[in-house]
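Heads up: the sequence shown begins at 100 in the working numbering, then just goes up one per residue.
One or more hints might be untrue.
Said to hold, decoys possible - So the derived label-pair ranges between C-beta atoms look like this:
#1 PHE149 <-> GLN114: 27 to 35 Å
#2 PHE149 <-> GLN174: 20 to 28 Å
#3 PHE135 <-> ALA165: 41 to 49 Å
#4 THR159 <-> VAL139: 37 to 45 Å
#5 LEU172 <-> THR147: 28 to 36 Å
#6 THR159 <-> VAL133: 44 to 52 Å
#7 GLN130 <-> PRO166: 48 to 56 Å
#8 PRO116 <-> GLN174: 36 to 44 Å
#9 ALA118 <-> PHE149: 13 to 21 Å
#10 PHE142 <-> MET162: 53 to 61 Å
Simulated from the structure, these hints should not be mistaken for lab results. Note that the coordinates shown come from a computational prediction; the quantities given were computed from them, not determined experimentally. Beta carbons are placed, not taken as given, at the ideal position from N, Cα and C, and that holds for glycine.
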Amino acid sequence: MINLITCRFFIVVRQAPFAIEEDGFGTFQLQIEVAFLDCVTTFYYDLTLFDQNALHTYRTIQMDPAPEDWSKLIQLGGVS
């Protein structure tokens, strides 16, 4: 059995150990096959590699609504 098959643009790894390392940048679709005892399932993962260290910046917003607005927020699903 062939452990590693090299094709034109991708590498198929059939047995562990293997690792995915980040080198460069771009967007790639990984096809992942997981073999169980009675079946094999395949799923796809979109891998995006960025050429910069800072990926995203998130901002937390804290709301301080008036007491009379709480019932409206609860009805709309904004506060649990």
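Quick rundown of the hints versus the structure:
At roughly 30 Å, the beta carbons of PHE149 and GLN114 sit within the given window of 27 to 35 Å. Taking 20 to 28 Å as the suggested C-beta distance range, the pair PHE149 and GLN174 does not conform, at roughly 40 Å. For the pair PHE135 and ALA165, the beta carbons lie near 54 Å from each other, so the given range of 41 to 49 Å is not met. Take THR159 and VAL139: their Cβ atoms lie about 42 Å apart, and the range 37 to 45 Å holds.
Checked against the given bound of 28 to 36 Å, the beta carbons of LEU172 and THR147, roughly 35 Å apart, stay inside it. A hinted range of 44 to 52 Å for the beta carbons of THR159 and VAL133 is inconsistent with their spacing of about 36 Å. Between GLN130 and PRO166, the C-beta spacing of about 54 Å keeps the proposed range 48 to 56 Å intact. One distance hint, 36 to 44 Å for the beta-carbon pair PRO116 and GLN174, is violated here, with the actual separation near 53 Å.
Restraint check, ALA118 to PHE149: a C-beta distance of roughly 19 Å satisfies the suggested window 13 to 21 Å. Taking the beta carbon of each, PHE142 and MET162 are about 37 Å apart, not inside 53 to 61 Å as hinted.
Taken one by one, the earlier hints fail for this structure at numbers 2, 3, 6, 8, 10, listed in ascending order.
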